[in-house]
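For the record, the sequence lines run as chains A and B.
For the first sequence, position 56 matches number 56 in my numbering, and the numbering has no gaps at all.
For the second sequence, position 145 matches number 145 in my numbering, and the numbering has no gaps at all.
A couple of the hints might just be wrong.
Lysine to aspartate or glutamate pairs mimicking DMTMM-like chemistry, simulated, CA-CA at most 20 Å apart [stated by the list, open to error]: (1) B:Lys121 - A:Glu81; (2) A:Lys170 - B:Asp29; (3) B:Lys143 - B:Glu212.
Example chain A residues on the side facing chain B (calculated, C-beta under 8 Å, incomplete) [unchecked claim]: (4) Gly164; (5) Ser166; (6) Ser167; (7) Ile173; (8) Ala198; (9) Trp206; (10) Thr208.
Hint data in this document are derived by calculation from the structure and do not stem from the laboratory.
We put the beta carbon where it would ideally sit given N, CA and C, even for glycine.
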Amino acid sequence: MVVGESKPIEEILAMVADFDKILLTGCKGCVTVCNAGGQKEVGILASALKIARKKEGREIQIDEVTLERQCDPEYIDQLEEPINNNSYDAVVSMACSVGPQYIAARYEDLLVFPALNTTFIGGSLEHGVWAEFCQACGACGIHNFGALCPIARCAKSLLNGPCGGSSGGKCEISPETDCVWHLIYDRMNRLGQLDKMANVVMFKDWTTSRDGGPRKIVREDLKQ
Amino acid sequence: MKAQSNLERVFAAGHFAVTGELGPPRGADAEVIKEKGQYLVGLVDSVNVTDNQTAVVRMASMAVCRLLLDMGLEPNLQMVCRDRNRLAIQADLLGASALGIKNVLCLSGDHQKFGDHPQAKNVFDIDSMQLIATCKKMRDEGKLINEHELEGVPHFFIGAAANPFADPFDFRVTRLAKKIEAGVDFIQSQCIYNMDKFRTWMQQANDLGLTEKCYIMAGITPLKSVGMARYMQKFVPGLDVPEEYIARLKGVEKKEQGAEGIKIAIEQIQEMKEMKGISGVHVMAIEWEEKVEEIVTGAGLLPRPEVS
Numbered sequence: 001m002v003v004g005e006s007k008p009i010e011e012i013l014a015m016v017a018d019f020d021k022i023l024l025t026g027c028k029g030c031v032t033v034c035n036a037g038g039q040k041e042v043g044i045l046a047s048a049l050k051i052a053r054k055k056e057g058r059e060i061q062i063d064e065v066t067l068e069r070q071c072d073p074e075y076i077d078q079l080e081e082p083i084n085n086n087s088y089d090a091v092v093s094m095a096c097s098v099g100p101q102y103i104a105a106r107y108e109d110l111l112v113f114p115a116l117n118t119t120f121i122g123g124s125l126e127h128g129v130w131a132e133f134c135q136a137c138g139a140c141g142i143h144n145f146g147a148l149c150p151i152a153r154c155a156k157s158l159l160n161g162p163c164g165g166s167s168g169g170k171c172e173i174s175p176e177t178d179c180v181w182h183l184i185y186d187r188m189n190r191l192g193q194l195d196k197m198a199n200v201v202m203f204k205d206w207t208t209s210r211d212g213g214p215r216k217i218v219r220e221d222l223k224q
Numbered sequence: 001m002k003a004q005s006n007l008e009r010v011f012a013a014g015h016f017a018v019t020g021e022l023g024p025p026r027g028a029d030a031e032v033i034k035e036k037g038q039y040l041v042g043l044v045d046s047v048n049v050t051d052n053q054t055a056v057v058r059m060a061s062m063a064v065c066r067l068l069l070d071m072g073l074e075p076n077l078q079m080v081c082r083d084r085n086r087l088a089i090q091a092d093l094l095g096a097s098a099l100g101i102k103n104v105l106c107l108s109g110d111h112q113k114f115g116d117h118p119q120a121k122n123v124f125d126i127d128s129m130q131l132i133a134t135c136k137k138m139r140d141e142g143k144l145i146n147e148h149e150l151e152g153v154p155h156f157f158i159g160a161a162a163n164p165f166a167d168p169f170d171f172r173v174t175r176l177a178k179k180i181e182a183g184v185d186f187i188q189s190q191c192i193y194n195m196d197k198f199r200t201w202m203q204q205a206n207d208l209g210l211t212e213k214c215y216i217m218a219g220i221t222p223l224k225s226v227g228m229a230r231y232m233q234k235f236v237p238g239l240d241v242p243e244e245y246i247a248r249l250k251g252v253e254k255k256e257q258g259a260e261g262i263k264i265a266i267e268q269i270q271e272m273k274e275m276k277g278i279s280g281v282h283v284m285a286i287e288w289e290e291k292v293e294e295i296v297t298g299a300g301l302l303p304r305p306e307v308s
């Protein structure tokens, strides 16, 4: 999933400092799963903002709505009713950064702000802990590395084994960060595939990654 | 001969080679290079010039290499993959060759997290293994990575680093073999302190016949003090400083610790001279260039051979 986390409340307060009436929009997709921007978090952020503004002596009206998803035009339709019937100063989205961009594209004259920092494509390790697993390079080759991704999980995206900074299974950048190459080595060892690690992996083609420019998928079989 | 560099000729003639290292300054003053370089004239066969080492911005390695050539020192251009993509790397290699630089050391590069610009975007378009392959392809096939034919082929003596003290240990000799397969001509090891582990790694390399396929230089960094030894032991990833050496430094008066560190370095070099598969030493006297003479003299490495 796309993992995000809330921006600091101070940053969000600064974004809405000039406004008295905003619409706060959550998303029931990935950011609900990672406890960052679902219905519950929308309620919590709305309360926090209202309390902070009340303390400043300048109350703010915050309406709340949580969409099925903010990355599909058909669900953005759900904003028609609240936005057309209210004169909001701005919309604050708690989706990943796709959401505020979709809202901005739909409502050309409306100010839109992100309440989350979209962090990475990853998964949860335990309750309250998430980690990055994929960098969306667009040409998955993890089967060559014991089904672990060195592009996303090695600090240097190395393709030919652990660098000289791998120590005790940890990466040189932090004792909190696993050396994915050590994990790959251990797994290849268990799988009896260490011989594969002796091959030199040559240049990666990054054209399928962000380096090739903004990406788009067109599925002719699904287009109407 | 692949590049006709002095270092390559020294190896080819069967001599035990000696390389030094020079860290460029954090400024534009060429005099610093002349001052530091002067300490190395006549003492080493080639001088590594570090490339934004520890991810700290310094004078460009290529420029410093050219300044050393002007002083009569043969440079070894260190190049990291952190700061350049394949376009910049190949362009720099062509430029380096045009400037008369014949040795290149291919490195991944320390992560910028440790440096003076941790906010920087890193590159790592290619890795150190692929950088070796790039140098080899340019030299042996006269082509860029994209198969484009070069007008004017760069001739490099291709080096790389090896760290026998990083983990997982059993993969370290495989990684060396991969670097050889990618096209490396010589290897300079990480600073060695754990001699037992180094001997084991060399034994593995000898057993696999790898020492017949490239020249291996043992990395030697004299310990200046107990403080430095402790710092390297605790904070430099991939360095292994045994208590034995720290005890030796502690055993002498504080002002004598540097001299004891040099004594240790000389003993290490003497053992390296006898070790099967070792073709030379890479003396990294970090910000202590003035002590290289004492070390190489003490280790009986002078005079340096003149090989035509």
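Now for the hints, and whether the structure bears them out:
no.: 1; hint: B:Lys121 - A:Glu81; in the structure: violated, 42 Å
no.: 2; hint: A:Lys170 - B:Asp29; in the structure: violated, 39 Å
no.: 3; hint: B:Lys143 - B:Glu212; in the structure: violated, 27 Å
no.: 4; hint: Gly164; in the structure: holds, 3 Å
no.: 5; hint: Ser166; in the structure: holds, 5 Å
no.: 6; hint: Ser167; in the structure: holds, 5 Å
no.: 7; hint: Ile173; in the structure: holds, 5 Å
no.: 8; hint: Ala198; in the structure: holds, 5 Å
no.: 9; hint: Trp206; in the structure: holds, 7 Å
no.: 10; hint: Thr208; in the structure: violated, 14 Å
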